[in-house]
Amino acid sequence: MIKLAIYGKGGIGKSTLSSNLSSAFAKKGLTVLQIGCDPKADSTSLLLGGKRLTTVLELVRAGKPFTLEDMVTMGSMGVLCVEAGGPVPGLGCAGRGIITALEALEEKGAYEVYKPDVVIYDVLGDVVCGGFTMPMRKGYADKVYIVTSGENMSIYAAANIAMAVENFKTRDYAQLGGIILNRRNVRDEDAKADTLAADFSTEVIARIDRSELFERCEAEHKPMVELFPESKEAGQLLAAAERILN
Amino acid sequence: MNQTAQILSIYAADTSGVCSALFELGGMTVIHDASGCNSTYTTHDEPRWYRGSSMMYISALTESDAVMGNDEKFISDLTEVANRLKPEFIAICASPMPAMTGVDMEAIAFDVSHRTGIPAFSVKTNGMHSYIPGAANAFEEIVRHFCEPAERRKGKVNIIGATPLDFSLKGSVESIKQWLRDNGFEVGCCLSMGCTLDDVRAMSSAEVSLVISSTGVKAAEYLKREYGVPYVKGVPIGKSFSRVLADGLRSAAAGQEASPLALRTGESIMAAVLGESIFSASMAAALALDKGISARVIETVGESDLSVLSPFDLSAPDEDVCERELAKHSLIIADPLFRPIAGKGRFVPLPHEAFSGRCFERDIPDLINRELTFLKETGL
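Residue numbers (numbering that gives the first Met the number 0), protein chains in the order written: chain F, 0 to 245; chain E, 0 to 379.
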């Protein structure tokens, strides 16, 4: 089982990339479990025809018994989708909510029952508290991949996340797997991403072009490898999946 | 009112269970909590505190450290103290505050172990459960970290689940050991009253484990899963049930299924036995066999091993439910603090330290393998 966590600045395309990577893994015949770790609960939207899932924390909050099947929904290309969700907006503690949700999944035996080949944790933009490091804690993701564009704010955010991963070395947490460049066509974009990767002794493992095809996928609520399987973008996503597998 | 106790006390918390489970094993147990005083976990719940030393500490977590995520202070304090005291192991567990802020206790233990070279582990607690999961998790962790493969020894029996919270220092645990010897068994590790880490290391050499409290089930399960040591649940209370239980141990050692607590029939029930499930079910079995009194168990912790209950038993941690059920019985055997909700039935006090602390410690009888004389005052 390969377990990876996708981190990066808010709005950089983590959920879009996570869903497209999940589909790319699924296209290779792998069983994929994608877990959205953001209170907005919109990570898996692309895989579910735009439908909203009942989140794990909604089930917990209801206070009634629930099953693993209540938490997990099969989406496009057979990808298993989960949304951790969050507390009532403006109240509670979102980070602690992520911990509760991931523990609930584990307690219900999600990993043993579905036996996924790949687990993707799609995590909220910034590592603002302990709860959002949960997906990189021991027993969860093995590798952290950081999504960034060449925009300065995105690079700074990526560097902060990479530094957090570095600081957690003594804790036996997930290691940095690499940088995924989600191009926004800014100047020196590739060079900036390469410098960032070199600063943290890692590599840019994938470079995804900016493309209006992603907007069309979003409008039709379908992943790239399903809607435009022959496109260059689908090829880039499949290559990224292959690189992660290897 | 559901889930509300107006009259009753509450059971000792999971953190107290950890301290009690690990008290004698030579480790350093640290609760990550705001208090700088460990009285909540040890002096109130732990009678051994006054009779021997143990390395039990509180981290003195501050609001600022919790909010700022200053784990480094806790880690460096643990490292400094451990380097000075050289404990056999370091066990850490969380009070509600770190549990709520999601402190990664396992990662802290990993880091401290790396810095000190001393085995360290976290025991899962959040300060909001009863002593049962706390002690159960502690027993499981200690066995998981220290038990080693060993050659099987014929007739050797582990005792698992011994803490003063369930078996006060009134001779019961010694009596269980003597009862095992009288039945031709060799006493192995008694986890954890009167045992050492070396005894824990050799637990896999036992032919069978005797689980005397719900706190021992997880560790016994681990030994069964990892080393093939079967286990039997029960406490040798009274004369007849003690014989049944000894036979159960022999059967399990011979590779047969043994569930002595499942033999109760539940016909013409008059009595109710309240408390932790394995002890209470054993008491109910003893009442039936020695006195002809049919009794049901009303499990009142809410986190006991419910698998030992029969269909006519009940788990009723809720005060209202418990009070309603007690009105159906003409004889009630329970901790004295249940008396106010016991209704009109005859009430036989049987103090349970996990519930009433040391308030009634001197009245706790040793019931192991002997006549149930504590019922005499009731005329039974």
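For the record, the hints were derived by calculation from the structure and aren't laboratory data.
Be careful, since some hints might not be right.
[Unchecked claim] Sample of chain F residues lacking proximity to chain E, with all beta carbon distances greater than 12 Å (derived):
| hint | residue |
| --- | --- |
| 1 | M0 |
| 2 | D41 |
| 3 | G96 |
| 4 | I97 |
| 5 | G108 |
| 6 | E111 |
| 7 | T132 |
| 8 | T169 |
| 9 | Q174 |
| 10 | G177 |
| 11 | D198 |
| 12 | E232 |
[Stated by the list, open to error] Derived coverage of chain F by chain E (criterion: at least 3 residues anywhere in the stretch with Cβ under 8 Å from a Cβ of chain E; other residues may be distant):
| hint | region |
| --- | --- |
| 13 | 122–131 |
| 14 | 182–192 |
[Claimed, not checked] With a Cα cut of at most 25 Å, we get these calculated DMTMM-like pairs of lysine to aspartate or glutamate:
| hint | chain 1 | residue 1 | chain 2 | residue 2 |
| --- | --- | --- | --- | --- |
| 15 | E | K176 | E | D362 |
| 16 | F | K137 | E | D317 |
| 17 | E | K123 | F | E111 |
| 18 | E | K375 | E | D289 |
| 19 | F | K168 | F | E232 |
| 20 | E | K123 | F | E225 |
| 21 | F | K2 | E | E105 |
| 22 | F | K142 | E | E71 |
| 23 | E | K123 | E | D181 |
| 24 | E | K123 | F | E102 |
| 25 | E | K123 | E | E105 |
| 26 | E | K123 | F | E106 |
Note that the structure is a prediction, hence the values are computed from the model and not measured.
Virtual Cβ for every residue (Gly too), placed ideally from N, Cα, C.
Each hint tested on the structure:
no.	hint	in the structure
1	M0	holds, 20 Å
2	D41	holds, 23 Å
3	G96	violated, 10 Å
4	I97	violated, 8 Å
5	G108	holds, 16 Å
6	E111	holds, 15 Å
7	T132	violated, 7 Å
8	T169	violated, 5 Å
9	Q174	holds, 14 Å
10	G177	holds, 23 Å
11	D198	holds, 24 Å
12	E232	holds, 37 Å
13	122–131	holds (count 3)
14	182–192	violated (count 0)
15	K176(E) <-> D362(E)	holds, 22 Å
16	K137(F) <-> D317(E)	violated, 37 Å
17	K123(E) <-> E111(F)	holds, 21 Å
18	K375(E) <-> D289(E)	holds, 13 Å
19	K168(F) <-> E232(F)	violated, 34 Å
20	K123(E) <-> E225(F)	violated, 44 Å
21	K2(F) <-> E105(E)	holds, 19 Å
22	K142(F) <-> E71(E)	holds, 24 Å
23	K123(E) <-> D181(E)	violated, 38 Å
24	K123(E) <-> E102(F)	holds, 12 Å
25	K123(E) <-> E105(E)	holds, 9 Å
26	K123(E) <-> E106(F)	holds, 14 Å
In this structure, the hints that do not hold are numbers 3, 4, 7, 8, 14, 16, 19, 20, 23, in rising order.
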